[in-house]
Amino acid sequence: MFLLKFLFGKSSLSYGRAPRADFTDRPIYQRLVRQEFESFDSREEKVSQTGIVFTKNSGKPVFPSIDGFSPNLPVPKRPGRKPYVGPGIRPSSYRTPPRIGNQQHQQAGNKLKDRGKPGKPDKGNTLPEYDNSRPTPTKKQSRRSKTFDYDYRSNGPKKKKQFNEQCELDETVNEKKIEIVSKINEDASLVKAAKEACKNTDVQKDINHLEEQLSLGNKNPGMGRKPICKGVIEHRAKNGGRLYVRESAGVIEILAKSGKKKSNQQFVINRLKEIYG
Amino acid sequence: MHEKKIGFSIELDETHLNEIEDVYNSNIEVFVTLQDGFTLTIVVGTPKNLQYLMEKDKVNFYGPGLPWIIVQKLTKEIIQEAIKAYIDDKPEGYWLKLYHFATDIDISIFDQLQAQEIRESAQFNLLIGLDALKDKINKLNNLDTSKKSDLVASLNKLYKDLRILNEE
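Chains as they are written, first to last, in my numbering: chain U, 277 to 553; chain D, 892 to 1059.
None of these hints come from the bench; they were simulated from the model.
We put the beta carbon where it would ideally sit given N, CA and C, even for glycine.
One thing to keep in mind: the hints can contain errors.
EDC-like mimics (lysine to aspartate or glutamate), calculated; alpha carbons at most 20 Å apart, straight line [stated by the list, open to error]: (1) Lys495/U / Asp927/D; (2) Lys988/D / Asp463/U; (3) Lys538/U / Asp948/D; (4) Lys502/U / Glu912/D; (5) Lys506/U / Glu1058/D; (6) Lys538/U / Glu902/D; (7) Lys502/U / Asp948/D; (8) Lys502/U / Asp927/D; (9) Lys537/U / Glu910/D; (10) Lys495/U / Glu912/D; (11) Lys538/U / Asp995/D; (12) Lys481/U / Asp927/D; (13) Lys471/U / Asp995/D; (14) Lys453/U / Glu488/U; (15) Lys468/U / Glu455/U; (16) Lys481/U / Glu905/D; (17) Lys549/U / Glu905/D; (18) Lys537/U / Glu912/D; (19) Lys495/U / Asp995/D; (20) Lys549/U / Glu912/D; (21) Lys537/U / Glu905/D; (22) Lys964/D / Glu912/D; (23) Lys949/D / Glu487/U; (24) Lys475/U / Asp995/D; (25) Lys506/U / Asp927/D; (26) Lys502/U / Asp913/D; (27) Lys506/U / Glu472/U; (28) Lys495/U / Glu905/D; (29) Lys506/U / Asp478/U; (30) Lys502/U / Asp904/D.
Output of the computed footprint for chain U on chain D, the stretches with three or more beta carbons under 8 Å from beta carbons of chain U [unchecked claim]: (31) 966 to 980; (32) 998 to 1007.
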C-alpha cells in the first residue's frame, strides 16, 4: 500500500513515460539491479534510474507498469532509442561494453577510447565509446566473450572483409586477365617492322613481358610510356623493346612493335600516326 | 629539339619532355647523332625514377637492361651537358656506343677480352716468379750441384711457359 502511494505520489511530479525495461539480457540486468540494491543507504525504498522500485524489507525489486510512474526519469527524445541516464545502471537495451578487467576482453577494451593514456585501459566510470573494429580473437575465449563478440559484430556495421589478410588477397588477386588482341596484321609494313625488331631476342623478351603485364592489368608495365597519337601509347622496356597499344572497350589492342633503333622505331611511330591519327 | 654541337647532335621529344610531371622522377629517350651520321638511342633518367621503378615492380633491385645516363633533373640543358661529358670522356663516342649496344654485344667479344686478361695475368705472374728466382740465386754464394740443378730446372720451366704464352 505504501508502495502504491509512493508510486502514485511521485507520478504527479513526473508524467513522462518511463523507459521500459528490456529483459532480453536478463542475467546482466539482474546483476546490475542487485548492485544498485546493495548500495542502498538508510532509506527503505529507492526508485532506480531504470524505473524499478526497490524495497529493503522484501529485498525484491518491484517493477513498474508499462506506463511507468518513475520520478525524474528523462523523456526519450526519439521513440525507440533509450538514452543513457547516468553513471549507475545502464539500460539493458544498450549494447554491453566489454569488461575492461577481463583478460579475454582486454583487446576489446583497448579499442575503447582511452585518450591521453595510450596502452592503458580506461579505469574510469565513464561510458566507454565504441570502436567498430573487431577485437582480435584469442584461443582461450569464454562463452561469454564469444556471445559478446557475436552480438557486437551483428550490431555494428556489416563489413564483409575485416581481416588484413583478406584485404590483401582482395587487392592482389586478379580474377581474370584483360583481353589482348593483335592488330599488327592489319598493316603489312608494321608486320615487317615488328619482325625486324624481334630478330633481337632481348627485344622479343621485352615485348613478351610488356604484353604479359598489360594482360594482368598493369597500366605501366615497362620503364616508361608516352602517347604517340590518338589513344596510342608507346610502352618502353629495359632492353629496347617497344610496344604500341590502344585500349578500346576494356580490350587492349596491340598495334605495333619496335626496337630501340631509331630507323625502326621512327618508322613505326610515323606509320601509326598515319593510320590512327 | 635538334641542337648541333661539336661532334654530335641530340634529338628528343620535346613535347614529351615538357609534359613530364616530375622532372626529378622520370626517364626519357634521347637520340644522339654522331659526326659520322650514326644515331644512338640513349636513356636518360633520374635516380628517383630508378627508385620509383623498383617500387612499382616490387623488386629489390633494378633488373638487367640497357644502362642509363643518370641526371639530377630532366631538362634539355642538363641532358645536353651529360651527353657532352660522355662524349668528351673517351673518343669516338665510346660510352654512348656502349650504352646503345649494351644488349647487342656478342658474348665472344667478352670471351676474347677474358682470354686476353687471363694471358696478361699469367705473363705477369711468370715475370714475378723469374724475378724472385734471380733474387734467390744472387743471394746464394756457394751453390752445391743439387741446388743449382733445381734452380736451373725451375727457370727452364718458367721460360718454357712464357714461350708458350707468347706463341698463343
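Checked hints:
{"no.": "1", "hint": "Lys495/U / Asp927/D", "verdict": "39 Å, violated"}
{"no.": "2", "hint": "Lys988/D / Asp463/U", "verdict": "33 Å, violated"}
{"no.": "3", "hint": "Lys538/U / Asp948/D", "verdict": "27 Å, violated"}
{"no.": "4", "hint": "Lys502/U / Glu912/D", "verdict": "12 Å, holds"}
{"no.": "5", "hint": "Lys506/U / Glu1058/D", "verdict": "64 Å, violated"}
{"no.": "6", "hint": "Lys538/U / Glu902/D", "verdict": "11 Å, holds"}
{"no.": "7", "hint": "Lys502/U / Asp948/D", "verdict": "18 Å, holds"}
{"no.": "8", "hint": "Lys502/U / Asp927/D", "verdict": "30 Å, violated"}
{"no.": "9", "hint": "Lys537/U / Glu910/D", "verdict": "24 Å, violated"}
{"no.": "10", "hint": "Lys495/U / Glu912/D", "verdict": "17 Å, holds"}
{"no.": "11", "hint": "Lys538/U / Asp995/D", "verdict": "15 Å, holds"}
{"no.": "12", "hint": "Lys481/U / Asp927/D", "verdict": "31 Å, violated"}
{"no.": "13", "hint": "Lys471/U / Asp995/D", "verdict": "17 Å, holds"}
{"no.": "14", "hint": "Lys453/U / Glu488/U", "verdict": "9 Å, holds"}
{"no.": "15", "hint": "Lys468/U / Glu455/U", "verdict": "24 Å, violated"}
{"no.": "16", "hint": "Lys481/U / Glu905/D", "verdict": "29 Å, violated"}
{"no.": "17", "hint": "Lys549/U / Glu905/D", "verdict": "17 Å, holds"}
{"no.": "18", "hint": "Lys537/U / Glu912/D", "verdict": "27 Å, violated"}
{"no.": "19", "hint": "Lys495/U / Asp995/D", "verdict": "28 Å, violated"}
{"no.": "20", "hint": "Lys549/U / Glu912/D", "verdict": "24 Å, violated"}
{"no.": "21", "hint": "Lys537/U / Glu905/D", "verdict": "19 Å, holds"}
{"no.": "22", "hint": "Lys964/D / Glu912/D", "verdict": "12 Å, holds"}
{"no.": "23", "hint": "Lys949/D / Glu487/U", "verdict": "18 Å, holds"}
{"no.": "24", "hint": "Lys475/U / Asp995/D", "verdict": "11 Å, holds"}
{"no.": "25", "hint": "Lys506/U / Asp927/D", "verdict": "36 Å, violated"}
{"no.": "26", "hint": "Lys502/U / Asp913/D", "verdict": "14 Å, holds"}
{"no.": "27", "hint": "Lys506/U / Glu472/U", "verdict": "25 Å, violated"}
{"no.": "28", "hint": "Lys495/U / Glu905/D", "verdict": "23 Å, violated"}
{"no.": "29", "hint": "Lys506/U / Asp478/U", "verdict": "29 Å, violated"}
{"no.": "30", "hint": "Lys502/U / Asp904/D", "verdict": "10 Å, holds"}
{"no.": "31", "hint": "966 to 980", "verdict": "violated (count 0)"}
{"no.": "32", "hint": "998 to 1007", "verdict": "violated (count 0)"}
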